[in-house]
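Protein chains in written order, with my numbering: chain A, 163 to 875; chain B, 163 to 875.
What the hints contain is simulated information worked out from the structure, not anything from laboratory work.
Just to be clear, a hint being listed does not mean it is correct.
No copy labels: a pair is met if it fits in one copy or bridges any two.
[Said to hold, decoys possible] With a cut-off of at most 20 Å between alpha-carbon atoms, the simulated SDA-like pairs for lysine to any residue come out as follows: (1) Lys-793 <-> Glu-703; (2) Lys-627 <-> Ala-509; (3) Lys-858 <-> Ser-319; (4) Lys-245 <-> Thr-859; (5) Lys-866 <-> Pro-313; (6) Lys-858 <-> Ser-457; (7) Lys-627 <-> Ala-686; (8) Lys-858 <-> Asp-334; (9) Lys-627 <-> Asp-728.
Residue-level listing of the chains:
There are 2 protein chains.
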Amino acid sequence: MTQLTTPGDDAAVVTPSATPSAESPASPGAKARIDVGEITRLLGGRWWNLRKEARDLALDPRMQKIEGLGHLEHRDRVLEQLKLLTEIGNPHRAFPKHLGGEDEHGASLAVFEELVVSDPSLQIKAGVQWGLFASAILHLGTPEQHDRFLPGALDVSVPGAFAMTERGHGSDVAGVLTTATFDPETDEIVIHTPVEAAQKEYLGNAAAHGEAAVVFAQLIVGGVNHGVHAVYVPIRARGEDGALSLLPGVGSSDDGLKGGLNGIDNGRLWFDHVRVPRTNLLPRYGAISDDGVYSSPIASPGRRFFTMLSTLVQGRVSLTNASTGAARMALAIAVNHANSRHQFTGAGEEEVVLLDYRRHQRRLLPRLARTYALSFLGADLLERFDDVFSGRHDSDEHRQDLETLAAAAKPLASWNALDTVQECREACGGAGYMAENRLTGLHHDFDVYATFEGDNNVLLQLVGKRLLTDHGKEMMKMDVAGTARWVAARAADAALHRTPLRRAAQSIRDSGSKARSAGHLRSADAQRELLEDRVETMVEEITLGLRASRGADDATAFAVFNEHQDQIIAAARAHGELLAWEAFTDALTRVRDNDTRDLLRTVRDLYGLTVIESDLAWFLTNGRMTAQRAKTVTSYVDRLLVRLRPHAQALVDAFAYSPEHLRAPLAGPGEALRHAEAEAYARRQRANGEAPIDEKTLNARLAKRAEATATVE
Amino acid sequence: MTQLTTPGDDAAVVTPSATPSAESPASPGAKARIDVGEITRLLGGRWWNLRKEARDLALDPRMQKIEGLGHLEHRDRVLEQLKLLTEIGNPHRAFPKHLGGEDEHGASLAVFEELVVSDPSLQIKAGVQWGLFASAILHLGTPEQHDRFLPGALDVSVPGAFAMTERGHGSDVAGVLTTATFDPETDEIVIHTPVEAAQKEYLGNAAAHGEAAVVFAQLIVGGVNHGVHAVYVPIRARGEDGALSLLPGVGSSDDGLKGGLNGIDNGRLWFDHVRVPRTNLLPRYGAISDDGVYSSPIASPGRRFFTMLSTLVQGRVSLTNASTGAARMALAIAVNHANSRHQFTGAGEEEVVLLDYRRHQRRLLPRLARTYALSFLGADLLERFDDVFSGRHDSDEHRQDLETLAAAAKPLASWNALDTVQECREACGGAGYMAENRLTGLHHDFDVYATFEGDNNVLLQLVGKRLLTDHGKEMMKMDVAGTARWVAARAADAALHRTPLRRAAQSIRDSGSKARSAGHLRSADAQRELLEDRVETMVEEITLGLRASRGADDATAFAVFNEHQDQIIAAARAHGELLAWEAFTDALTRVRDNDTRDLLRTVRDLYGLTVIESDLAWFLTNGRMTAQRAKTVTSYVDRLLVRLRPHAQALVDAFAYSPEHLRAPLAGPGEALRHAEAEAYARRQRANGEAPIDEKTLNARLAKRAEATATVE
C-alpha cells in the first residue's frame, strides 16, 4: 500500500511503475514520472504555504473532532478551539493592521478553509465569529465602531451571532420582518420581532455562547422603511457568578441536535422592543444623522441592499473551497482503500484490488477529475476575491463578477462534496460506514452547505438571471428592427438545430473513423466549443421563451418565468461547469513538467468529457453531435479511465493530506497487512501440505480416476 | 395546510378543489375526486391491515427513536423495544405453528418493514434476531435443532449474531476464511479464525448483546473443504452476577459509533479453536453423519452455496420495502412543507408557496412517482417471496426469479431512499437539517442499506449476469450455424442502429406535431416498447462484446468482462426500472375508481417518462428516438408536473402516515400558522395606518409631486 505522504514543498518525484509494492500494485503500467509536489503546489494556489500551516493545526489533538461527542460537549470543545486559534492560528489576518490584522483577505480565507481538516464545525464557528459577525462590523461599520466592537469580536471575548435568517424568510433576505425603528425622542433604535415568523433562526452562537449579534432588520426612520440594515445588539451579559444570561427583552431558544455540525450552538433569537443607541446602527450604506435624518450613499434601495449583501460574499467563497476540500479528503481515503482492498478473484486465484474494476474506476475517477476542476475554480475564485477586497481590482463590475462566480461555484462545489463523499462512503463498503473513518461525518457536516449562505437552487437562479441580463444588454443596444432581425436569425438557427440539416452536415464531418472522432474530442478547442455553445444556446432559448412575458400582466409574466425556471437553473449549472473547465485548462499552462502536464491534461479531458457525457442528450437533440460521435464519448471516457488508473494514487497523494490529517484507519496500512497475512497463511498451508482440498477439485480428480479405471476395464 | 390523515381503511374521498384552505392552496385547480383510501390500500398491498397495525406500534412512545441519544443508551433502548415486540408485535409470524408462529412469511416481513416508522435501528435489530439468526436456524437446521435453538432466539432470551461477513470478505461470501473443522475424535466441530482478515465483522449483537451466533465457515471434513456452511456457536454466558461475559476462545470488539443505525451493537467476533458438538452444524445442505461422513442433497458445491444463501433472500426483500418506506416518509414531510412554506413574491405582493415553483415540482414530483413505482415493485416482490416460502410456488425457477428480482429491487430502492431523502432534506432548507425533523436521521440510517446484505453494485452485477445467462440459454439451444446466423443478424441490426437509416425511418413517423409525439409517449405501449427494447438491446450488445472472451485465457477473459462491467450494471438497472414500470402499470388495472386511476396513470407516465429522459442519450445514440421526439420528452414531463401538482398532497396523504408517525414538526401546521400570523399583522398595520411607507414608494410619490409642481410653475 502506497504510503500517504505530504509532498508539499519538497518536489517529490514519483515514478509509479518503479515503486510497485507487493500489497498493492497502485500504479501498474505507469511509465511517466509525475511531479507530485508540483501538482500539490498548483492545487494549493497562491497561499499554499499558509494553507499547509493551517492544515497542520489539525495535527494538534486539541484541534481534532471527536466523533460521537455529545452535542453540548462538542459545542464547548469547538468554542475552546476557537479561542485556541487566536493563540496559534492568526485568525485576524483579514482585519486592519491597527487592530492586529494584516489586511490580507484571500490569505485569511485560505486559512479558514483548511479548518475543515480539524473539524467542519470549527470552520463554521470561525466563519460565524470572524467571517460574518466581525466582518459585518468591519465592512458596514465606522472606524469608531471598529474600535468599539472589533476587539471583543476578534479575541472571542464577545462571541457574536449573525442574525439575518428568520423563521419565515431564509434565502429571501429582503423579506425579513424584524424592525429597527429610530426613536428620535431617546436617540435610540428599537429592535422588535413583531411576529413568530420574524424570529431569527439557525444562528450560530445564538443558543448558548453569543453575547452580541449583528441584527438585520427593516430600518424605519420617521415612518419610512429604508429596507434591510444591520444593527449591533448586545444579547447576553455575565452575572456576578460569571454565568451568561439573556439581556432584558431578548429571547432565545436552542435548535438542539442537527444533522451535523453539532459543534455549533445554533438557535433562535427574538426581541421585544430592545433599545440600543443610534450609534449601534452600522451605517456604511444607510446612516441616521445627529438630527435624525436618514441618508445613504446609494440612492436606489434595491441596489443598496445588494451592495450591502455583497460585502458578505466571502462566506460563499470559503464554503466553496471548504466543500472541495472535503471531497479531496474523501477521495484520498477511498482511493487509498481501493488500492489496498481486494475482493473476488479475477484471472486465476488472485483476488482483484478494487480500483482494477472498471466500475470502481467509473465511480471514483470522474469524481476525482471534477474535484480537480473545482479545486482550480475555487483557487481562481479566491484570487478574484482577494483582488476585489484588497482594492487592487475593486469596481462595481468586478464585484458583480465575483458575486456571480461565487454564486455559481458554491452550489457546484457543495453538491460535488455531497456526491463525492457519498460515493466514497459506498465505495468503502461497511468500513466506510464506521464513524472513525470520517466519511459519514463529512457527509453529515457538509449536508447543510447545500442550503446555507444561499440555497444552491436560489443561487443558481441568480446566476441564470445574470446570464440573461448580459444577454439582454446585447439586445438592448439594438434598435427595434435590429432586435427583430436578431431574434429572427436566432429563431431560424434554432429551427436549423431541430431539423436534421445541421446533423446531416455534421454526419459528413464525422464520417471518419471512431478514433478520429475521439481524437477530436480530446482537443481543448473541441471541448470548449461544445461547453460554450451549450451555455450560449441555452441562454438564447430561454431568452426567446421569455419573450412571451413582454408586456404581459404580473401573473402571466410570473407564469412564463416559472415555466423556464428549470432551464434557467440548468443554464447556470452549465455555465459553472464551463468555468471549472476553463479554470482547469488555464492551470495546465502553469505546469512546468511535461509528463505532469500530460497527466493533468488527461484529468482535464476526463472532466470535460464526463460533463459532456452527462448532458449528451442535450448535444444530440440540439444537433451539436451526431449519434455516431456521441457513441465515441463513452468509449473515450473508458480509455481515459484506463490511462488514469495507474496514476490515481499519485493524484490523491498530491492533495497532500497525511494519515494524521485524514485520521481514517481504513486509509491506513491495515487492509494491505491483513491481506498479506491471509495470503502468507494460504501459502504456508499449501507448502506444509496442511491445506484442505476443495470438494470440487476432489470430485474432478475422482471423476478422472473413475474414467481411467473405466478405460482400463 | 392540509391535515395529515390516515385514510387507511375508511375510503376517504378527497376533492382537493373543494377544500382549499387559506393557509395553503394545496390543490389549486384540481377537479377530479380522488379516492385517497383506495390508493392507500393499493400501495399497502396484500397485508395492508397488518402493516397498519405494525405502523401504529410507533405511536407508543416506548417504541420511538430518540434523536441524539448516546449510542450505548440507544442500543439498550432498541434491545428493550425488541423484547417489547415479543409482547405487543407478534414477531414470530414466519415461524412454525408448534413454536408459536403462524407459518406466514410475507405477512411477517410486511410487519418488520413498518418498524422503520419506529426506528430503523429496530427494523435492523429485528432483522438480525429473527430475519437472520433465527431464520438461519429455521431454514438450515433440523426439527431437533428448531426445538433446541429457536425458543431462545424467538423470545430474545438468546440474542444472536449472524456471523457471515469477515474483515477481508464482504460481498464475496464464498471467500470467507473462518474454518469449521470436524474432529472425529471428539465428534466436535472446531471453529477457528486463522488470520485477522477472517475476523467476523459488522455483526449486529456481536459487540454487547449476543449470546450465540450462527457462524458461516469453510466446513472441513477429513481434509476436504466442502465450502461455506453454518454452525450454531454459543459466544457469551451470564455469570452468577447476571453479567454477560465471552466464552473461552471467543474474542469480540465493538465497532463503536457508525454513520447511523446506532441502536445496533455492531462488532467483531473471532474464534480460537472453539469447540461445539457436531450436532450444532445446521445440516440442511451439508451434513456429517454419526460415522463422520459428509453428505449433501446438492452435488455441486457452487449450487449448494447459492441454494443455502437463497434461504436468506428475505433480508433483501425487507430492505427493499423498508427503503421505499423511508422515501415515502421523507416525501410526506417535504410535500407538506412545500405546500405550506412561502418564499419570495411571485405575481404582486403575495409570497409563493414552494410547490408552485417549477423547480420545486421538478425536485419532488419525479421522486414521488419513482417512489410509487418502487412501492408497487416492492409489493410484488413480497408477494412472490410469500409464494415461494409458503410452498405455493416453490420451484428452483421461482426461487431464482425471486432472488434476481430482489437483487434488482434492493439497489434501486435503497438508492432511491438516499436520493429522495437527501432531496427532501434540501427542499426543506435549514429546517430539513434539524434532527427533530427526521430527514437527516433517515439519511444517516439508510446510508448503509446501499452496501449491506449485498453491495448494490455487486447485486446489480448479479442481475446483469443473470440477464446474460438467459440470453445465453437462447443461444445454447441453437446449433452452430444457427448461432452464427443469430449473431450475424444481431450484428447487422446493431449496425442499422448505428447508421442513420433507422433514425431516418423514424423521422418520417415523427413528422407530425409535437403534441402527437407527446401523445404517443403517453401510451403505455410506447413506454413499454422503449423500456423493453433498451434492456434487450443492452444485453445483446454486451453479449456481442463478450464474444471476444470465447476461448481466451483467464486474464483476457477477465479483461473483456471488466471492460463491460459498467454496461452490465447499467443493463441490470434498466431491467429494474422496467420491472418497476411494469409493477406500476399492473397495479393500475386493480384501481376501481376512474378518476383515481387516471391520476395514478399520470404518475406512472411521469415515472416512465423521467426514466426515459434520464437515459435519453441512449435512445438517441441507438437510433430509438429522433432529436425531434426526444425534445418532446422534457416538455411532456413538464406538462405532467403541472397536471400532478394539484394532487401532490393527496398523493402523499395516501401514504397514510399520520403526524404521529412522522413526528416531524416541519410537516405540522406551524409554518402555515406563522405565515398567517405575519399576513394578519401586515393587514392590521395597513388598516390602522401604522405601516411604514417604503422608501421606494415614497421616492416615486415625491418624484410625481415634483413633476406636478414643475408643470404648475
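Here is what the structure says about each hint:
no., hint, verdict
1, Lys-793 <-> Glu-703, "between (26 Å within a copy, 13 Å between copies)"
2, Lys-627 <-> Ala-509, "between (55 Å within a copy, 17 Å between copies)"
3, Lys-858 <-> Ser-319, "neither (74 Å within a copy, 40 Å between copies)"
4, Lys-245 <-> Thr-859, "neither (67 Å within a copy, 47 Å between copies)"
5, Lys-866 <-> Pro-313, "neither (89 Å within a copy, 48 Å between copies)"
6, Lys-858 <-> Ser-457, "between (91 Å within a copy, 14 Å between copies)"
7, Lys-627 <-> Ala-686, "neither (28 Å within a copy, 38 Å between copies)"
8, Lys-858 <-> Asp-334, "between (69 Å within a copy, 18 Å between copies)"
9, Lys-627 <-> Asp-728, "within (12 Å within a copy, 38 Å between copies)"
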